[in-house]
Structure formats: C-alpha cells, structure tokens
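If you read the protein sequences in the order shown, they are chains A and B.
One point on numbering: in this note's numbering, the residue at position 69 of the first sequence is 69, and numbering is uninterrupted.
One point on numbering: in this note's numbering, the residue at position 38 of the second sequence is 38, and numbering is uninterrupted.
Just so you know, the hints here were simulated from the structure itself, not pulled from any lab data.
Among the hints, erroneous ones may be present.
Any copy, or any two copies together, can satisfy a pair, since identical chains are not distinguished.
What the hints assert, rightly or not - Calculated pairs, DSS-like style, for lysine-lysine (alpha carbon to alpha carbon, straight line, at most 30 Å):
id : residue 1 : residue 2
1  : 92        : 8
2  : 57        : 8
3  : 8         : 80
4  : 80        : 92
5  : 92        : 38
6  : 38        : 8
7  : 8         : 40
Since this is a predicted model, take the numbers as computed values, not measurements.
Protein chains: 2
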Amino acid sequence: MSNEQLDKLRAELDQVNLDLLSLINRRGQLVQQIGEVKEKHGMNRFDPVRERDMLNKILEEHNGPFEYSTIEHLFKEIFKMALELQEDDHRKALLV
Amino acid sequence: MSNEQLDKLRAELDQVNLDLLSLINRRGQLVQQIGEVKEKHGMNRFDPVRERDMLNKILEEHNGPFEYSTIEHLFKEIFKMALELQEDDHRKALLV
Numbered sequence: 001m002s003n004e005q006l007d008k009l010r011a012e013l014d015q016v017n018l019d020l021l022s023l024i025n026r027r028g029q030l031v032q033q034i035g036e037v038k039e040k041h042g043m044n045r046f047d048p049v050r051e052r053d054m055l056n057k058i059l060e061e062h063n064g065p066f067e068y069s070t071i072e073h074l075f076k077e078i079f080k081m082a083l084e085l086q087e088d089d090h091r092k093a094l095l096v
Numbered sequence: 001m002s003n004e005q006l007d008k009l010r011a012e013l014d015q016v017n018l019d020l021l022s023l024i025n026r027r028g029q030l031v032q033q034i035g036e037v038k039e040k041h042g043m044n045r046f047d048p049v050r051e052r053d054m055l056n057k058i059l060e061e062h063n064g065p066f067e068y069s070t071i072e073h074l075f076k077e078i079f080k081m082a083l084e085l086q087e088d089d090h091r092k093a094l095l096v
C-alpha cells in the first residue's frame, strides 16, 4: 500500500523532472533566438535591467513551498546558464 | 519589425519562466509528500541511488542546446533545494 503510494509519487516526480528539462531547453533556444536578433541590431546581449525585470515577474508569482531567496538563487543560475550558452555560440561563430 | 520580434520572444521567455516556477514548486510539494511517506515508514529521506537514477533518466532524454554537464549541475542544485526543504520541514516538526 505505502510502496504503491511512493511509486506513484516518484513516477510523478520523474515526469516533472522531464517537463523541467524540456522547459529549460526551450528556454535555451529562446535565449539563442533573442541573442541573434540583438546581434543583428548591434544590441548588447546581456541586459541587467531586463534580467531584474524577469526576476521580479517570477517572484511576484511565487507562492511556495520554497523560500523566495531559494527561487531567486535558482533563477540566477538559470539566467547564467543562458548567458554562457550565448557566449559559446559567439565563440563558435568567431571560429567559423 | 525587429522590436516586435524581440517583444514576442521575450513574452514567450517570461511565460517559460513562470512555467518553470510552477513546476519547481510542484516538485517541492511532491518531495515533501515523498518525505512524509518515508518518515511514516522509518525510511531514510536521502537516497543517493534514487537521485542517481533520476539524473540518468533526465540525461537520457536530454538533447540540447545545453551541455550535459550544465544540465547535470542544474538538476543537482534542484535536488539539493528539495533536500533543504525537507530538512526545514523536519526542523519545524521538531519545534512543535
């Protein structure tokens, strides 16, 4: 009985993990596209004001169970990943 | 024209951020529920084998644009957050 309950919760957790993975990668693609548009128009890729604005929108919607500081820390990591991805693309472009 | 394109991409990015937030918090709730079931049955909350298994399932499905090592690092952060959440719950329970 309890193992069934545990298995069910774990199956849902595995599905949430894969949904997160899919969204993270979708986010990466979007950031790459935004980087390309910015590059075409000679705009700076990193925009701290836009980053703060994104973070505020996220924190406004947050309602637990995690602490606000934990969510903020995680999203800063996610933003950093996207920036590194753009820098990789830029380096690759320079090598061509 | 290009600003319209940028605005559209940014609106989609904001939506992806909120979907991520929602999944992260859903994940937190599931981990809390799993912790409760485990506690009831005197099982250890932290299970490194299960964590490795979750990570393998995620990496099997991953297909970019991020590096595998970046995805692994991010999910280890997410797992750690969940563990800290359980520890907080446990501490709160001890205080009651």
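Problem - Numbers of unmet hints, in rising order - result: none
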